[in-house]
Amino acid sequence: GSLGDAALAMSTLVAQTELAPERLKELTGQFVDLSRITGTDLQANLTGVISSFKNFQVPVEQMPGLLDALFRASKTSQVAVSDLAADIGTSGATLRTAGFDYSTSIALLANLRKEGIPAANVIGSISIAARKFAKDGKAPADGLRDTIAAIKEAKTSTEALSIAQEVFGRGAVNVSDAVRSGRFDFQALAREVGFGADSISKAAAATDDFPEMMTELRNRLTATLEPIATPLIGSISDAVGGLLVEVERN
761 GSLGDAALAM
771 STLVAQTELA
781 PERLKELTGQ
791 FVDLSRITGT
801 DLQANLTGVI
811 SSFKNFQVPV
821 EQMPGLLDAL
831 FRASKTSQVA
841 VSDLAADIGT
851 SGATLRTAGF
861 DYSTSIALLA
871 NLRKEGIPAA
881 NVIGSISIAA
891 RKFAKDGKAP
901 ADGLRDTIAA
911 IKEAKTSTEA
921 LSIAQEVFGR
931 GAVNVSDAVR
941 SGRFDFQALA
951 REVGFGADSI
961 SKAAAATDDF
971 PEMMTELRNR
981 LTATLEPIAT
991 PLIGSISDAV
1001 GGLLVEVERN
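Here the numbering used here = 1-based position in the sequence shown + 760.
A hint or two may mislead.
[Claimed, not checked] Heads up, simulated EDC-like pairs for lysine to aspartate or glutamate below, C-alpha to C-alpha not over 16 Å straight-line:
id, residue 1, residue 2
1, 814, 861
2, 962, 786
3, 814, 778
4, 912, 926
5, 912, 945
6, 915, 937
7, 835, 952
8, 874, 937
9, 892, 906
10, 895, 906
11, 892, 926
12, 898, 861
13, 835, 945
14, 835, 958
15, 874, 843
16, 874, 945
17, 835, 875
18, 892, 902
19, 785, 765
[Said to hold, decoys possible] Distance ranges between label pairs, derived from CB positions:
id, residue 1, residue 2, range
20, 941, 888, 20 to 28 Å
21, 910, 803, 36 to 44 Å
22, 814, 916, 43 to 51 Å
23, 821, 894, 26 to 34 Å
24, 876, 958, 23 to 31 Å
For the record, the hints were derived by calculation from the structure and aren't laboratory data.
Note that beta-carbon positions come from the ideal geometry of N, C-alpha and C, so glycine has one too.
With these hints in hand, go ahead and build the complete structure from the sequences.
Structure representation (structure tokens):
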């Protein structure tokens, strides 16, 4: 139920991050809502997303916003959050080293997943291309956007493939075809992921069967978290257990 899910999410976040109390409450609610509205496994989402944040060395204050970004990427591409997080885990170090930020990486990997193109086929080549972009004074996302525009505008499919091969390596044929058919729209997805208005909390509130218990739980978490903030950070099991006992007692 919602109470047990909140306990799992909170204890996992406390154990694996250094979140301040307000961020802890926010992320706990986000993970519980995300798993409920998408019908996905809470533990898998926690494990995958936290790992992806660590991979990109995401500051704790940015985690709630980037979890919403991950949700938007998942919703737009119809790729599960845990799958996108797994791809970040596999390819994140290469993309991060090449200069891609978390949001841009999500958009790229979601596009590849949606088209059934293995990230392993293109990430190495993209990394090499990103270094070339940097020499030309371009940010990786801008260089990628310009390359995709060039593929789309090429006069022939042969020319398009030649451009694609410089950046997408073994995935060039699939990417070139997807771009020219309009299916691979990196710029649109990157814009939605980075700046879209949709969020986990909005989606949860709009759900017809939104559990009243979750609202009540949040209210009580808010009321009880402040006085135990220090012990919560200092003693994971005692604090989380005490919080949930207090919620149930009230």
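Of the hints stated earlier, which fail here? none
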